Structure formats: structure tokens, C-alpha cells
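**Student:** Hey, can you work out the whole structure from these sequences and the hints?
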Amino acid sequence: MSSAAAMDTRQLRLFDDAESALVTRGLKALSRASTHDADALRGHLRQLIDLSNLVRASPSLREPDSFAGKQRSEETLIEHLCENDGLSGELALPLKATLSRTFLIAKIQFLRGFVQACAYYSNRAGDELSELDSRLRDELAQSIYTQLAEELLLALLRKPDVRLATKRRAAEQLIQIWENAQVEIDDFCPLLESAWRARNRVNADLGSLLGTSEYFRLVCEDCPSDFLSFFARDEVSLQQKQAFEEFLFDMTFEEVATLRTAMRNNNVEAISVEWAEQVLGRKIERERVEDRIDPIALYRSYFRRQLAADFRIVAGRPGPRRTAEAYMMIYLLDHNMTARRSADAAACPHPLAPLEGGRARTTGGEDRAAGDEATDPDATGGGRADGGGDEPPG
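This note's numbering applies: residue 605 is where the sequence shown begins, and numbers increase by one.
Keep in mind the hints are simulated off the structure, nothing from the lab.
Any given hint could be a false lead.
As the list claims (entries may be wrong) - FRET-style restraints, in silico, Cβ to Cβ:
{"hint": "1", "residue 1": "T862", "residue 2": "T639", "range": "47 to 57 Å"}
{"hint": "2", "residue 1": "S677", "residue 2": "S812", "range": "50 to 60 Å"}
{"hint": "3", "residue 1": "Y724", "residue 2": "E667", "range": "18 to 28 Å"}
{"hint": "4", "residue 1": "T816", "residue 2": "F671", "range": "37 to 47 Å"}
{"hint": "5", "residue 1": "V872", "residue 2": "R896", "range": "24 to 34 Å"}
{"hint": "6", "residue 1": "Q780", "residue 2": "A661", "range": "16 to 26 Å"}
{"hint": "7", "residue 1": "E667", "residue 2": "A866", "range": "52 to 62 Å"}
{"hint": "8", "residue 1": "E678", "residue 2": "S635", "range": "36 to 46 Å"}
{"hint": "9", "residue 1": "H939", "residue 2": "Q786", "range": "23 to 33 Å"}
{"hint": "10", "residue 1": "E889", "residue 2": "D914", "range": "30 to 40 Å"}
{"hint": "11", "residue 1": "F671", "residue 2": "T639", "range": "47 to 57 Å"}
Keep in mind the model is a prediction, meaning the values are calculated, not measured.
Cβ coordinates follow ideal geometry from the N, Cα and C atoms, glycine included.
**Tutor:** Here's what the structure looks like:
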């Protein structure tokens, strides 16, 4: 067997069939444009294979074991993850989880390099690399969405006001991801993947900051009706509405408030992206540039909103305590759902319609809606000050 054929056989372990065929075809096409760059990507691919073998050789997180006189099992790992406050970062995770996360990041870097090379040489090598560039961007986006979903689940584990039952389901989902490095977001949460894919194809126009234009463009990009309906239902909470505004405008709650104040003070009814950049003092990233999506911009948007939500919890500041995606994920976990895709989003009411009295209507007269968890310590995972138990290595 030739080295190229051996590479093709081994890379099937790294990618699904469609991805593997795309990578093989892409490397051949790139070789005709630049042998040097194609060889560099093949070297990266060999490193991916080595990482994949390390993940595969690591003991299963589900198999019972013992270490330093302590029994370990999937149940003890779930308990450890639910008690973890996040301050220990990767140090609190078992080795297989860290290796699996490293593999996914390395795969993202490989696909980013592939996209950069195809974009650079597409003007010289004709339509084939241009088409490959578009398809590779979609594969890169899916890997980044998988990374985002993993970060989202980890963020729920460290929240002190998330119910223990919800944390347990999040931990179980993470173990499933870490056990198989080939698991991607469409295997466990296609609804969020579809929502992120649609959002990645919409640039916020801002305008009057009502969100109407951005909302209907999400509809046109096939954002799932289940996702849009969640933020349009009668019992939606004020914080969920605010989080959806953040998602629509690609800004934090505080930035949206700053812009609205500046609009009132300057008697401005509609704003441009350039005007907003001057007021906020930062560049507003575009998820889509000249028909090419930039999933890194969406990744940065999520972390900007997540960091702001974490700060509000610590500082006791007003605004959403979670991202829009986190509210949705909690709902899916609590209802044990894998949401379906739906192109029929046009029937959804606009989620940013004014709430009665500034508060959401609820069916049971309660103040709390889905995803707004109780802060009763008996109902939550707590979030221990010591950062949880001493579960790793694993």
C-alpha cells in the first residue's frame, strides 16, 4: 500500500465519509497549485492521526476503575463534573477529555489552514479550489459549532444556579462527546447547529435596533422554527428576551443599552455599523464577507456574550445570566430532546415584540421561565468552593 493510500485509510478514522472524500480531493487539487502547502497540510494530518490514536488508546470514561484507593466510574465522573466550579479549568478534567478536546482544536486548525490555502490559490487554480473553499468552510464551521456546544455544556456545569438534574444531563452529554472524538454537533444537537449556521450567514444591520431585519433574515436562512419559537413564546422571560437580542445583534446587553442611550441623546432613529463602532470603541466583526462565512467571528461572539453573562452573575448586574444558546440548551436537556430541523420558521411571531409590563407572561403565574433556574441550593448543583472532587486522571 502506498503512503498516500495508507494516509487515506487512516484519515477515515478522523472524518466521516463526506469529510474524508473532501480532504482527499482537496489535497490532490492543492498539490497542483502548491506542493509545499499540500505537504504541510499532510504533515498536520499525520499529527491528527497521532492525536486520534492517543484518544482511542486512553481508557474509557465509562469503564469502572480504581486509582489511589478510590473507585472510579461514569457515575463518579458525573458527580465530579457537577461539583466543578470551573476555576480549575482543564486541570479538573480527565486525561481522555483533555485529549479529545485537543483533537477537536487540532482538527479545527487543520481545516482553517486548508481554507486559507484554498482561498489563496483559488484565483490561480480555477473553479475547483473555489468550490472546495466553500465546502471546507462548511466543515470548519461544523467543527467550530461542535467546540461551541462543548464549551456551552461546560459553562452550564459551572453555573451555581443551574439545577443538578440539568447538570447531570450536561455531564452525560460531555462524556459521550469525549468518548468518541468523531462525534459532531449534528449527532447530539442539530437544532443549535442549524441556528448557528443560520446566524453565521446573517450580518446585523442594526438600524433602529428593533431586530426586525435580522430576525427575518434568520428566517430566510432556515433558522429552526423551534429555536425562534422558544424566544417568542408567551412565557418567555425578560432575561431570555435580552439574551436573544444579544444573539441577533452580535453584541452584549450592555453594548445594546449603550447604543440605545446614544441614539436618544443624539436624536438618531437608525444607526449604521460604522456609527455603532465609533460609539462602542471596537470593530464589529462580520460573520459573512462576500458570500464567505467566518465561523471564527461567531465563536468570538459567543465568548463575548458568555463572559458578559458570567460577569453579571459575579457582580450582581442587570441583564441576562446566560447566552441565548444556553437558555435553549437547558430547555433541550431538561426535556431530553434532540430538536428537529424545520424550514417553516415564517409562522413564528417576532420574539422581540414588547413584553406586557416589562415582564413575561407565564402560564402558571410564576416568575421563572424555562432556562431561568431556581437559586435554591437544594435544587442546584451548588458549585463547590474547592472546585469539586479529585476525580482525574481518567
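**Student:** Hint by hint, say whether it matches the structure.
**Tutor:** These are the hints, each one checked on the structure:
1. T862 with T639: 47 to 57 Å: holds (51 Å)
2. S677 with S812: 50 to 60 Å: holds (55 Å)
3. Y724 with E667: 18 to 28 Å: Given a distance of about 46 Å, which is not inside 18 to 28 Å, the answer is violated.
4. T816 with F671: 37 to 47 Å: Because 57 Å falls outside the window, the suggested range is violated.
5. V872 with R896: 24 to 34 Å: holds (31 Å)
6. Q780 with A661: 16 to 26 Å: Given about 19 Å between the Cβ atoms, the range holds.
7. E667 with A866: 52 to 62 Å: holds (57 Å)
8. E678 with S635: 36 to 46 Å: holds (45 Å)
9. H939 with Q786: 23 to 33 Å: Cβ of H939 to Cβ of Q786: about 26 Å, so the range 23 to 33 Å holds.
10. E889 with D914: 30 to 40 Å: violated (21 Å)
11. F671 with T639: 47 to 57 Å: At 48 Å between Cβs, range holds.
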